[in-house]
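Peer 1: Here is what each chain is made of, one letter per residue.
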Amino acid sequence: MSILKISHPAGRRTRVVILTILIALLLITIYAMGIFIPDEAAAGSFLEAGQPPSWKHPFGTDMLGRDLLARTLKGMAVSMTIGIAASAVSAVIAVITGIAAAAGSRYLDASIGWLIDLVMSIPHTILVILISFAMGRGLKGLLIGIAATHWCSLARLIRGEVLQLRSRQYVAVSRRLGRSGGWILIHHLLPHLLPQLLTGLILMFPHAILHEASVSFLGFGLPPEQPAIGIILSESMRYLSTGMWWSAVLPGLVLVLIVLLIDRLGEQLRLILDPGSAQE
Amino acid sequence: MKGIPGRLVRIFFSYSIKMISLLLAVSAISFVLVTASPIDPIQQYLLGLGTAVSPQQRAEIEDYWGVNEPPAKRYLDWLSELLHGNLGESALYRRPVGEIISERFQSSLALMLCAWLLSGMIGFILGCIMGMYQNRLPDRIIKKICYILSSVPTFWLGLVFLLVFSVWLKWFPIGFSGPVGIPESQVTLRQRLYHLILPAVTLSFMSFANIALHTRQKLAEVLGSEYVLFARARGEGDLTILLRHGLRNILIPGLTLQFASFAELFGGSVMAENVFSYPGLGSAASAAGLSGDVPLLLGITLFSALFVCTGNLIANLLYGIIDPQIKEAAP
Numbered sequence: 001m002s003i004l005k006i007s008h009p010a011g012r013r014t015r016v017v018i019l020t021i022l023i024a025l026l027l028i029t030i031y032a033m034g035i036f037i038p039d040e041a042a043a044g045s046f047l048e049a050g051q052p053p054s055w056k057h058p059f060g061t062d063m064l065g066r067d068l069l070a071r072t073l074k075g076m077a078v079s080m081t082i083g084i085a086a087s088a089v090s091a092v093i094a095v096i097t098g099i100a101a102a103a104g105s106r107y108l109d110a111s112i113g114w115l116i117d118l119v120m121s122i123p124h125t126i127l128v129i130l131i132s133f134a135m136g137r138g139l140k141g142l143l144i145g146i147a148a149t150h151w152c153s154l155a156r157l158i159r160g161e162v163l164q165l166r167s168r169q170y171v172a173v174s175r176r177l178g179r180s181g182g183w184i185l186i187h188h189l190l191p192h193l194l195p196q197l198l199t200g201l202i203l204m205f206p207h208a209i210l211h212e213a214s215v216s217f218l219g220f221g222l223p224p225e226q227p228a229i230g231i232i233l234s235e236s237m238r239y240l241s242t243g244m245w246w247s248a249v250l251p252g253l254v255l256v257l258i259v260l261l262i263d264r265l266g267e268q269l270r271l272i273l274d275p276g277s278a279q280e
Numbered sequence: 001m002k003g004i005p006g007r008l009v010r011i012f013f014s015y016s017i018k019m020i021s022l023l024l025a026v027s028a029i030s031f032v033l034v035t036a037s038p039i040d041p042i043q044q045y046l047l048g049l050g051t052a053v054s055p056q057q058r059a060e061i062e063d064y065w066g067v068n069e070p071p072a073k074r075y076l077d078w079l080s081e082l083l084h085g086n087l088g089e090s091a092l093y094r095r096p097v098g099e100i101i102s103e104r105f106q107s108s109l110a111l112m113l114c115a116w117l118l119s120g121m122i123g124f125i126l127g128c129i130m131g132m133y134q135n136r137l138p139d140r141i142i143k144k145i146c147y148i149l150s151s152v153p154t155f156w157l158g159l160v161f162l163l164v165f166s167v168w169l170k171w172f173p174i175g176f177s178g179p180v181g182i183p184e185s186q187v188t189l190r191q192r193l194y195h196l197i198l199p200a201v202t203l204s205f206m207s208f209a210n211i212a213l214h215t216r217q218k219l220a221e222v223l224g225s226e227y228v229l230f231a232r233a234r235g236e237g238d239l240t241i242l243l244r245h246g247l248r249n250i251l252i253p254g255l256t257l258q259f260a261s262f263a264e265l266f267g268g269s270v271m272a273e274n275v276f277s278y279p280g281l282g283s284a285a286s287a288a289g290l291s292g293d294v295p296l297l298l299g300i301t302l303f304s305a306l307f308v309c310t311g312n313l314i315a316n317l318l319y320g321i322i323d324p325q326i327k328e329a330a331p
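Quick mapping for you: the protein sequence lines, in order, are chains A and B. Per the working numbering, the first sequence starts with residue 1, numbered consecutively. Per the working numbering, the second sequence starts with residue 1, numbered consecutively.
Keep in mind that the hints were calculated from the coordinates and are not lab data. For every residue, glycine included, the Cβ atom is placed at its ideal position computed from N, Cα and C. One or more hints might be untrue.
[Claimed, not checked] What the simulated footprint calls covered on chain A by chain B, stretch by stretch (three residues with Cβ under 8 Å from a Cβ of chain B suffice, anywhere in the stretch; the number is not a length):
1. 128–140
2. 210–222
3. 256–267
Only chain B is shown next, with the shape it has when bound in the complex (with noise of 0.2 Å):
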């Protein structure tokens, strides 16, 4: 196969071996991770049944949960559940893990397009700016701030935003993803945009200063090319220069970014959820791992790496589209 679409292909068939090796890996080693923790999850689960047990019945639960077999069959159990949909039952919420994650990703996915289309659009903005104005002032602020929102901790931020604005100034509540008291059948889509937006723009926060950076550099590029100079010759100004050769080298390579930074917006996601109370799968995974609740944590972190997985299959694939002479991966 040649072309394009021939490449494409290779690279998706390529990665997807690569991602279900990772995906086994990750599943055995978080298997055995929970595994080799002190934290005894039947003790955990008794706690949460808040009722006296006695010993036969523990032992009963022992058996049924099937704690006593050995460690290697354990995982194949699990191994073989989980291809046949069934992750198990959480300990904390006492529903399937499955149904949990996908209503839980439901929230998570609201805040985390949104942060991320925000972060993509302001970082690239500001990327422009600098590339544009490279050296001089507005280049060096914008710098500057990116560098110093590097070094803040999203949590903190989310702390800051929510004295701000939802304590001082009461224009955002303070968080869940919609009115308190209110059953989640009935809550507007209007509610649900209104609390989600001081989340989104703290995760936002996060990740534009990286886009930026990258953007700037790579449209200094491109403004130091002999095309360019030739079409300022011709007599284009900056703006045209920025729209006829500018955008449509930077913007690919731009997105490519985004798409491979999907672990650190689910990694900050963990944390803005839980300064926000907002109900998705970052707080029910603090949670999980707080309350010993394995198997939800075990279904969150492989969930995540299946998320982390897909974002990077993407990136590859649009790398395909970018680069003709990038060189296949061997496999």
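In isolation and in its complexed conformation, chain A is listed as follows (with noise of 0.2 Å):
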């Protein structure tokens, strides 16, 4: 590290966003080519069914003759649109509960702390096959299942966060001042608040959108005609003894790409965001 900042005095930062801005480019291109590539390219024809990757077929087709990269790249947005949904609702979630239990009496605290156990004590799969189950299985079900358990490691850290920064001298002058609690929330703690959320929610998305497949794989969730990224890998299961590889290596890499990238982006972001890095 010391080597590269000497070898690069001004560049490093420069480097790290650059690098974010391409990161994003990049998702937002996978992401537009999702939405916009037309249903047709994705409907295929029994004629080419079942076809290795071929140049015409990049990732080949699956048993009804459909192009499994069209397929897979409209599974990805789909994926990607209730990731970002989920994660969006669990920060705010987090957000709240987060800041009462810091800011609140001390038996509000104990009963979040008493929730966030309770919500870790089902495993999230159990629990989100539940929600999905009380919502008659479908979009909302995944998106409330996801919201609800994705939460709690982002309410703790951001109740760690503000309980460190309401101890700090210029909160207590503020206050001494005369400020109202909601006139400190807005001034002192959420600027400090907002980095730290949004490089929560950027790293909270990949776990849903990973989560979204496993629920969708195992039949919860969306239906299956949907092309959602689950759903084309829990079809190629039934054809994995006939050498039909590229069906489920494909699309999974994919999916794994595209999570390694999200996760790749939250770090560059933290680099850049948080004053500790933001100077380098």
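Taking the hints as your guide, dock the two standalone chains into a single complex.
Peer 2: This is the structure:
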């Protein structure tokens, strides 16, 4: 690290920013491709069923002759949409519970701690299955299930952060000057929490996508005609013994790649936003 | 009471009280969730019967199941039956839920135990290697692998393993806990283990990254300490330092983390069992959810919460052993 700093005296931060923008652009491109690919591209015909990867179909085709690349991209877009929505809801829950636990009475703090323990005491897959069942399966249950299970660690993080901030001198001074709790919250706490929240949100996002894929794979959540990544993989399982490797390997690889990219994006953003490393 | 035994007893009782409150809440929440479901359990039960049912018979079944009672009364009835050890009858398997859970849990336990031991050992050894070679090539390579693995979904890893080792290399069978066509009682232990290897490896791959990264950090802390510096000055080699000073400081924290990860283990086993069609609790859970088998789904949810809480209790007790300064949680 020190060698890097010497050889690029002013370039390190710039490089981090450029890398972040590149990753973000790549993700947006993939997302846009998934959205704008026409349905016909993924429709396919039985004449082309079960073909291995070729120039015409880079990912091959499935048993119904549908182009797997188009289906994977469309599936990724669906998964990413669900991931974004669920993480956003989860982050809002985390902020409210985290701040309430840190700023409220001891009784409230203990209750929120207990609530977090409660959510953590049921394996997430089981809880998502249960919630999906309660909502009669489908998209809504999936969204609520994922949103309800992912807020815990971020809520704990925010609670710790608020507790730490509250003991700072400038907050004490502000209070002595007669500022209300709400004013302090908006002017002193939120600016510090925002970077934490943003990175927490982005790092939660890949988890949400993985969970969505897992639960769709099990058959809960999205209907089977929807090209979600979990559904593509669960279909591929049926033809695994016939040697159709491409339908299982390639869509999964795309999923892993996207998750890794988002993870990387979160790490880079943390580097940029975290005051400890922002000056490097 | 003083000393470690006294502290452990206190931790045991305070956590047990919390555990009871958590389990009660889990039972209430899961009951509310299945009650709110638009999926009609009676309809699912009748579908499972496979015969036509007259409206009158249906009404009798509804009476027998008590679906027309107010939810609060139904919950209390269910809870009191639960405390007497009666979990109801599964609509899917037509057998008492308690029986299914205990039978399936045995297969799941074998799977989870293997995966748990395997991931613990792999993770710990890799963590030690990373800690010893900190910031050098082996450390960086293993760290990269750990980060990548934590982004790989369990079920996809299972699919790839199935494809490579079962379909292409034909080293392992495609699935199930024993050979197809042989009665349960005649399956030998060797056959069982043979069918267990691939799911267990898949499941352990999901969780060793966590323990490896944790061990790495703990070992790095130990190696940066002054007593290790002194040991080095005395002429102790790397391996001696690891054995004498490292292991005893990092073993129990690692073990604690491993016990605290029962929730991920159980969740992962749901995925692994479905990919490998392994007849354990996890595959029963998803089957119950898909077929609307309410008693079984409730039973498994409650059981999984009990399983996770037990792991957390052991982790808390271990934590009480490691750190004498740990503040006791207010009850």
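Peer 1: A separate judgement is required for each hint: does it hold in the structure or not?
Peer 2: Here's how the hints hold up against the structure:
1. 128–140: holds (count 9)
2. 210–222: Holds, because 7 residues of the region 210–222 of chain A bring their Cβ atoms closer than 8 Å to Cβ atoms of chain B.
3. 256–267: holds (count 4)
The structure is consistent with each of the numbered hints, conforming to all of them.
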